[in-house]
Amino acid sequence: MHIGVIGATGTIGRRVVTEALTRGHHVTAFTRDSTRLDEDRRNVVWKSLDVLDAESVTAGISGLDVLISGFQPGNAAKDIADTVARSIADPTVYAAAARSLLKALESHPRTRLIVIGGAGSLEIEPGLVRADSDELLHSSLDALGLPRQYAAAVRGHRDALNVLRTSNRLWTYFSPAEDIAPGERTGRFRTGGDQPVLDAEGRSRISVEDAAVALIDEAELPRFVQRRFTIGY
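Heads up: the sequence shown begins at 1 in my numbering, then just goes up one per residue.
There is no bait here: all hints are sound.
In silico lysine to aspartate or glutamate, EDC-like type, Cα no more than 16 Å apart, as pairs: (1) 78 - 33; (2) 103 - 50; (3) 103 - 53; (4) 47 - 33; (5) 103 - 55.
Per label pair, the in silico range of CB-to-CB distance: (6) 33 - 126: 42 to 48 Å; (7) 109 - 203: 38 to 44 Å; (8) 139 - 55: 40 to 46 Å; (9) 125 - 145: 22 to 28 Å; (10) 203 - 127: 21 to 27 Å; (11) 181 - 126: 26 to 32 Å.
Hints were generated in silico from the structure; no laboratory data involved. Where a beta carbon is used, it is the ideal one built from N, C-alpha and C, also for glycine.
Taking the hints into account, I'd like the entire structure generated from these sequences.
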C-alpha cells in the first residue's frame, strides 16, 4: 500500500512511519518543512505540507491509498509546552484541519483518511462524555499534569470528530487511550468503539508503539470506516 502520514516527525507519526515501513508499505511522510530532514530509509519520501491549506493537501496526497493525520499545532515531540500553548490559544485548529482534509478528499474520493484525535470525546458512561463536563475534564487534566485551560483543546478534538461525522468520505477517527506514552510494542491490546478500553485496574492506557500498530492494522484491514475506534490494554 501507499500510505501518507501527516505529522511524520511527531511522537505518534514517527512510530506510524516505522510500523508501515516494517510491514513493507510505501510511505509519503509529510511535515511542515521537509528540507531540514536527513532521511535515507527505503520506501519513504518526505514532503512539505500545510494541513490547513486544502489545495496543498490535494496536491500532496495524489496516489495514496490511505492518509493518516497526526496533525498537532507545533511539534509536541520536540516541545510539548509549545504545542499545549498553541492548542489552548486556538482550539478551533483541529476542526479546521478536519475540514481541509475532507475538502482535499473531494478530489481523491477513494483515498481513506484516518485522523488521530483525542480521548476526551469517548463516553466514560452511556451518554456521558468527559469533554462535556468541566469537572471531569479538569480532574483528568490534573492527573495528566496538563493545565486546565487545555480543556479547550480537548473540546477542539471533539469538534473535529463532529466535522468528520457530517461527511460521506472514507474517514476513520482514532481516539487513543487516555494515558498514552512511548513504551513497548507488544501488538497485544483490545479494540473498542465509543467507550474507552480499560485494563484490570480501570485505567485507559496504551503505548505509542502499539497505537502505531493499531493504526496500520486499520489501514491494512478497514473495520471502522465512517466510525471512531479506540484501543487499550
